[in-house]
Amino acid sequence: MIEASAPKRRFEMTRRKMILGGTLVGGAMVVGYTATHPMQVAGAIFQGGGPDPEPSAFGSFIRIAPDGWVTIVNKQQELGQGVHAGMAAMIAEELDADWDRVRVIDAHANFRAYGMQGPAGSNSIATNWDPMRNAGAAARAMFVAAAALRWGVPRKLIDVHNGVVSHPASKRSATFAELLADAARQTPPQQPALKQPKDYRLIGTDRVRRKDSLPKSTGAQIYAQDIQLPDMLVAMVAHSPRFGGRMAKFDPSDARKVKGVVDVFAIETGVAVVAESTFAARQGRDALRVEWDDSVAETRSTPELVRYYHETAARRTDLEPSDFHSKGKDAEVAFGPDAIEFAFDFPYLAHAPMETLDCVAQVSGWDVKIISGSHLATVDQVQAARAAATIPGRVDVEIVPAGGSFGRRGNLAADYLVECVRIAKRASGRPVKLIWTREDEMSSGLFRPMAHHRIWVELAPNGFPSRWRHHVVAQPLLPVGPNAQAVEGIAESPYLTAAEVIDGKIFSPNFPVPVAFWRSVGHSFNGMVMEHVVDQLARRVGRDPAAYRRAIYQRAGATRHLAVLDELCGKAAWGQPLEPGWAQGIAVHECFGTVVGQVAEVRLQDGRPVVRRVVAVVDCGIAVSPDQIAAQMESGIGFGLSAALYGAVTLRDGIVQETNFDTYPVVRMNEMPAIETYIIPSTNRPSGMGEPGVPPIAPAIANALLALTGSPTRSLPFLHGGAANAGFSNAGSANTSRI
Amino acid sequence: MRFSLSINGRIHHVDEDGQTPLLWVLRDTLKLTGTKYGCGVAQCGACTVHVDGQPMRSCSLALEAVSSAQIVTIEAVDGAETKAIQDAWVARDVPQCGFCQSGQVMSAVALLRAIPAPTDDDIDIAMSGNICRCATYNRIRAAIHDAAGRLGSGQS
Ligand code: FES
Ligand code: FES
Numbered sequence: 149m150i151e152a153s154a155p156k157r158r159f160e161m162t163r164r165k166m167i168l169g170g171t172l173v174g175g176a177m178v179v180g181y182t183a184t185h186p187m188q189v190a191g192a193i194f195q196g197g198g199p200d201p202e203p204s205a206f207g208s209f210i211r212i213a214p215d216g217w218v219t220i221v222n223k224q225q226e227l228g229q230g231v232h233a234g235m236a237a238m239i240a241e242e243l244d245a246d247w248d249r250v251r252v253i254d255a256h257a258n259f260r261a262y263g264m265q266g267p268a269g270s271n272s273i274a275t276n277w278d279p280m281r282n283a284g285a286a287a288r289a290m291f292v293a294a295a296a297l298r299w300g301v302p303r304k305l306i307d308v309h310n311g312v313v314s315h316p317a318s319k320r321s322a323t324f325a326e327l328l329a330d331a332a333r334q335t336p337p338q339q340p341a342l343k344q345p346k347d348y349r350l351i352g353t354d355r356v357r358r359k360d361s362l363p364k365s366t367g368a369q370i371y372a373q374d375i376q377l378p379d380m381l382v383a384m385v386a387h388s389p390r391f392g393g394r395m396a397k398f399d400p401s402d403a404r405k406v407k408g409v410v411d412v413f414a415i416e417t418g419v420a421v422v423a424e425s426t427f428a429a430r431q432g433r434d435a436l437r438v439e440w441d442d443s444v445a446e447t448r449s450t451p452e453l454v455r456y457y458h459e460t461a462a463r464r465t466d467l468e469p470s471d472f473h474s475k476g477k478d479a480e481v482a483f484g485p486d487a488i489e490f491a492f493d494f495p496y497l498a499h500a501p502m503e504t505l506d507c508v509a510q511v512s513g514w515d516v517k518i519i520s521g522s523h524l525a526t527v528d529q530v531q532a533a534r535a536a537a538t539i540p541g542r543v544d545v546e547i548v549p550a551g552g553s554f555g556r557r558g559n560l561a562a563d564y565l566v567e568c569v570r571i572a573k574r575a576s577g578r579p580v581k582l583i584w585t586r587e588d589e590m591s592s593g594l595f596r597p598m599a600h601h602r603i604w605v606e607l608a609p610n611g612f613p614s615r616w617r618h619h620v621v622a623q624p625l626l627p628v629g630p631n632a633q634a635v636e637g638i639a640e641s642p643y644l645t646a647a648e649v650i651d652g653k654i655f656s657p658n659f660p661v662p663v664a665f666w667r668s669v670g671h672s673f674n675g676m677v678m679e680h681v682v683d684q685l686a687r688r689v690g691r692d693p694a695a696y697r698r699a700i701y702q703r704a705g706a707t708r709h710l711a712v713l714d715e716l717c718g719k720a721a722w723g724q725p726l727e728p729g730w731a732q733g734i735a736v737h738e739c740f741g742t743v744v745g746q747v748a749e750v751r752l753q754d755g756r757p758v759v760r761r762v763v764a765v766v767d768c769g770i771a772v773s774p775d776q777i778a779a780q781m782e783s784g785i786g787f788g789l790s791a792a793l794y795g796a797v798t799l800r801d802g803i804v805q806e807t808n809f810d811t812y813p814v815v816r817m818n819e820m821p822a823i824e825t826y827i828i829p830s831t832n833r834p835s836g837m838g839e840p841g842v843p844p845i846a847p848a849i850a851n852a853l854l855a856l857t858g859s860p861t862r863s864l865p866f867l868h869g870g871a872a873n874a875g876f877s878n879a880g881s882a883n884t885s886r887i
Numbered sequence: 146m147r148f149s150l151s152i153n154g155r156i157h158h159v160d161e162d163g164q165t166p167l168l169w170v171l172r173d174t175l176k177l178t179g180t181k182y183g184c185g186v187a188q189c190g191a192c193t194v195h196v197d198g199q200p201m202r203s204c205s206l207a208l209e210a211v212s213s214a215q216i217v218t219i220e221a222v223d224g225a226e227t228k229a230i231q232d233a234w235v236a237r238d239v240p241q242c243g244f245c246q247s248g249q250v251m252s253a254v255a256l257l258r259a260i261p262a263p264t265d266d267d268i269d270i271a272m273s274g275n276i277c278r279c280a281t282y283n284r285i286r287a288a289i290h291d292a293a294g295r296l297g298s299g300q301s
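Protein chains in written order, with the working numbering: chain D, 149 to 887; chain Z, 146 to 301.
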């Protein structure tokens, strides 16, 4: 329900919170959690940046009800990656709660209570590992203290297990419910003792399961698309068909005649049609006549862009590169005619989350209410405030699960959300649901960038790379900074560690096609480049690709890569011949601190790669939820396979050609390989799993095809427009490698 | 125009343009939001409902074409197959983002009603109209086999 939030209530809640546990210090809830991030301090200045959480003696993240049920407040967005289960498991482990009596709810955006909210770089488990465990351990200590007082026994002789506190020596025990009132009066320790991994009862077991499978199997889960509010309007927007195009003029008369259309008006991003229902909005938009001004729009076609990228990499345009990695004297000139040359082209990719982009906004005076599958809730809150000309503290962002994102909802401009707020500003206080159609979503940009790579490698007499030159052409993802995302996974690659001379250059063209984060970001192409190059180098010196990698990892001291590789070779029976026509391909790539290795079994059928089985090994530190790690591996492989086989967004005269699943095919049931996932045991801090499964699949397939045919892959996708080896660019391949 | 629709065993009178896709009648008019919009062009299956027992894409069915049909949505689909499918979905933690899963469940229930013990090929044919961008396909396949096994052994 959208209502203007009353600022006064906030103060009351804050006071109650202080009375309850004395837990509010310096503007932050401090049960195992302290506000140190400058953004949090800024958030405190903005009065919390949203409605405060329900007061709890156990801090922002834990509520315990009189019946003993534990409610975990999830600050990150559930995009499908299973973060509900992961966050809950970290808390429940240290709290020693009964997992079957733990539920998860989603937080609203609030800096002061939760800090930065937004999964990025697969960070949810990694960055919340300490805060969530601390929160759980602090709450546990409060129960222990309460029991010690009640029974008059030392704290250290008290045990907690499955939500039951006990003193084994006297055979006394009490449930969380029975101790709740006393526990809530205890002072939470600032630095509660945490368990050793060997003592985990929940983390790392198959008991850590999703909490949302039932509502998601019965249609009961509510997404932003499903929000229904009294008086709600539905909006669609006619956007410029070309990036950078602007609305010149429009004729709303026919749109206004459509039954159910309430209003038609221009906004910054086009022409909005506001209606009583989705279909009326759609019909109204179809009836609009809009003229676009393309004077500063992108009007080129993909082959021209590809040519421009190739020219740039060859230093024949005036775009100046910057160094992303440079080692050794005369790195610029040190490459002789013996250098082996490689080139790759990658297309733009759309995210195509199953739920298209949508958002609900209501603007009433200074107050804004948002209901959204908000990926970067903190950013969304600030952007909504800017669009409504208010302060973040007056914006309530209610986060609902998203029907996927893959990065699309996590863009810094918060494009669709800002658009929704702008429309809602003109809706006289009525809530507005903005719906983007699939066509809107796919042609909206914020794509995974196109990229062109050119690599020159010289091998030492021992057969390993001694000199490595790497030029990358890719649009920058962020408006400022060194375009680091475009080269992530290259500079830190073990394949470069032993090279004496490294010349890494990045060319960062700027033009109106917007680009953004896409699941695994720069790793999405850099994994392919590094892993396919190294396979070709191995073959060139006549070594088995796995053995060649092993030798390099040993020389580079890449122990985690080594362990993954060895486990992978064992589980996949690497090197054992398959039936005629089939081949294995291998790839090992580190992404956001997680190392993933995959072996794909591939054959060619009518020129199309068919993948029947993928064996995957992962080192992601402590495995919080093994079953969800496997789920994310399956998901990453399916997602990466879609992109590798089919994914390409192309432009003709600046207009996106792939706008729905008929022209932007994705993997379906019949194309999904069998997948086995093996997890390397580890006591390291956990790293992420939402993205690292994506990068290795394309090179694993390319390497299998290399084994089958002897021909390297020079561009993705493998198929475009349904045709084998058509190439997305139609610009001829920059093929200069002979392997 | 006024239409009388049989949805989930009840007659609903709706006053809409006969060209309105059934999907939007369900979602906007009748507030049955379990059925999802994913593509609008019969490509993704997120909008799958049962029309006279057959799994159909409601985004591409005009209201006037289904006014005499029996329509069942995810909110009301029931029976032994549905229970077996949904139990198996939960037991295997099939959903990720979950947005495709209403459609997947509707297609899977229809499959089990038509073929009680489907082979992998049967599953490929019946389920390939349903896209899952989270690629939960392997768990869907396993869960369908689980459900079929449970129904076959009579313990539902
Ligand atoms: S919405 Fe109907 S098939 Fe995609
Ligand atoms: S579970 Fe996300 S699209 Fe299927």
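One should not assume that every hint holds.
Claimed, not checked - A few chain D residues facing chain Z, derived, Cβ under 8 angstroms:
{"id": "1", "residue": "E202"}
{"id": "2", "residue": "S361"}
{"id": "3", "residue": "S365"}
{"id": "4", "residue": "G367"}
{"id": "5", "residue": "S425"}
{"id": "6", "residue": "P549"}
{"id": "7", "residue": "P774"}
{"id": "8", "residue": "F809"}
{"id": "9", "residue": "I823"}
{"id": "10", "residue": "E824"}
{"id": "11", "residue": "I827"}
{"id": "12", "residue": "P829"}
{"id": "13", "residue": "T831"}
{"id": "14", "residue": "N832"}
{"id": "15", "residue": "R833"}
Calculated from the structure, these hints are not laboratory results.
For every residue, glycine included, the Cβ atom is placed at its ideal position computed from N, Cα and C.
Exercise for review: Starting from the hint list further up, note which numbers the structure goes against and sort them upward.
Suggested key: When the structure is compared with the hints, numbers 1, 7, 10, 11, 12, 13, 14, 15 turn out to be violated.
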